[in-house]
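Participant: Given next are the chains, with one letter for each unit.
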Amino acid sequence: MAQPVVQTIHRDPALFWWILLPITVVMILTGILRHYAMTLLQTAPKKQTLAQLRQQRSLVRGITLRTNANVLSPSSFQSRKAYMVQAYQEGKFLADPEARGKPRPNPMSDPAAMEGMMGMMKGNFAMMVPQTLIMGWINAFFSGFVIMKLPFPLTPQFKSMLQSGVGTRDLDVRWVSSLSWYFLTLFGLQPVYNFILGSNNSANQVTQQMAQMNPGAGMMGPEQDPDKLFLNEAENLEVMEHRWILDGVEDRLLAKYGL
Amino acid sequence: MSQPNLLTPPAHISPQSALHLSQKAPLILSKPPTSSLPWPLSLLSSSESPETWTTYENLFYTCLQTGDDASARQILSFFSNRFSETNERVIVLRGLYEELQARNKVELEAVLKKYNQLISEDPTRFLVRKRKVAVLKSLEEMEEAIGECVRLVEESPTDVEGWAELGELYKSQNLFPQAIYCLEEVLLSCPNSWGAHATLATLHHLSSSSAPTPSIPSLTLSLRHFCRSIELNDSYLRGFYGLKVLSSELIPLLQNYNPSSRRNQHNDEEDVAPPKLETVKKLEELATGKLGEIVRRYGAGDNGWTGYEESEIAAARKLLDKEGKVVR
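Residue numbers (the UniProt record's numbering), protein chains in the order written: chain A, 1 to 259; chain B, 1 to 328.
These are calculated hints, taken from the structure and not from any lab test. One should not assume that every hint holds.
What the hints assert, rightly or not - Straight-line alpha carbon distances no greater than 25 Å define the calculated PhoX-like cross-link-like pairs of lysine-lysine that follow:
| no. | chain 1 | residue 1 | chain 2 | residue 2 |
| --- | --- | --- | --- | --- |
| 1 | B | K113 | A | K256 |
| 2 | B | K281 | B | K318 |
| 3 | A | K47 | B | K114 |
| 4 | A | K256 | B | K281 |
| 5 | A | K46 | B | K130 |
Unchecked claim - Only some residues are given here: those of chain B computed to face chain A with a beta carbon under 8 Å:
| no. | residue |
| --- | --- |
| 6 | N116 |
| 7 | S120 |
| 8 | P123 |
| 9 | T124 |
| 10 | E155 |
| 11 | L187 |
| 12 | L188 |
| 13 | P191 |
| 14 | V272 |
| 15 | K282 |
| 16 | E284 |
| 17 | T288 |
No experiment lies behind these values; they were computed from the predicted model shown. Using N, Cα and C, we set each Cβ at its ideal position, and we do this for glycine too.
With the rest of the complex left out, here is chain A (with noise of 0.2 Å):
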């Protein structure tokens, strides 16, 4: 039974208290100062006009409509479907009923589009800059240090994750380097940031990243055609079948009352 050299490196205790926690402190502090930096540049959406909005939200009843056209009695669900699907193929809720048929123009072009992509131009500069300026800092600072030792045994791949910046072979990979210690920092804080900031905090990438999907782009975003989407709807709502819910709801009491 010939058990593993257990490799011993005295550190420094001041280690702990001069670089491993300085690190963790100030990745904290970037966190939560991207955070409110965040909020700060934050654009307020863009109010839409009034034809935007009666355009989505005849779209939207028409979707409604057909899921929940249960409720309505054959003859009312024919007649508002024949309405519905007339104005649909005539373009008769469309916001810019000239633009119909057009080609979509030039996203570049567009100011509305150039907006959300100025928007993500800042939430990736405000990610940039004190990342790239932290890197440095403690590349210049801290390089080359081993500053703890992980409770528990790895594999070797995970060498070249927890030792950057030490080169050392022979080096048993439960040492982590303090460069390490930065990038386990950077993508490992979002628990702290909820509990210091609450749940829907802009402090780390990922939740950036996800934010940074428009929340109003899926719905009719600019890169969709309107008169696309109503034609489609109006098709939807030409084949669908009805089922009327009310259809033997007296035997359905009945029967549930065992009458």
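Following the hints, complete the assembly by docking chain B onto the known chain A.
Facilitator: Coordinates of chain B only, in the frame set by chain A:
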């Protein structure tokens, strides 16, 4: 039913509970929601939470209901300090306050003029437009109110409140087919609302009773909607009440109902087959039994049966008494 509170007030606040709630105003208003310190420090000392403003808003409504104008004004100033005077909801709250302060028609029309101006500045202020409908309604200018409401649902067709209000307005003018259309639109947006089903059923019933001869298809539709509302909520007093009224109306009609002659008259649009006579009789039996049970257990104060409105119970009792069945 739980005690009414300021975070989740019931849809309909009775005068007693409104008074009870508005008496909490001095305690809640004694400490301001936002900190008085300058900016960076105010972040630390503020006791604001998402619930704070819901509480304030509901407190505002109960204060208006009970006539506690001083507290209402104070809450209003909190709102406009926090969310700025141009916020749409603050505008609406202020408008609500001014509407209630208006003592006569002229003052109310001044409020209306203000609303008109706000709407022409930005026609997407749907909340203000709804208030305008309400003011027109209280000025009893029904036609204008209906016109405004029609424009509102035309431009925002997914607005359930707008459709419901329009239905209500049409109903007040006895225009039942239009009201039914509006309520169907409400139902499309909330298909599982038993209240909407019952309201639609009531409209079908009213449209039948306003016609010179009772129309069996309308009554059948009404019956079915009541059935559906009970299917969705099996302790729904209004549903059982309607079921009882409808089935007792339908039974004599169905007894001398001749399907073949009927079909010749109405072969164009009626797709609603009338229910079988036995089914309706059974439904009446069910409704009577259930109403009796509700009235009895409410009277006895049984646990879980006391959440009904006093007036609804009284109506149910009256309906049962009319038949000579003593429920005690």
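Participant: Checked against the structure, which of the hints given earlier come out wrong?
Facilitator: 1, 6, 7, 16 and 17
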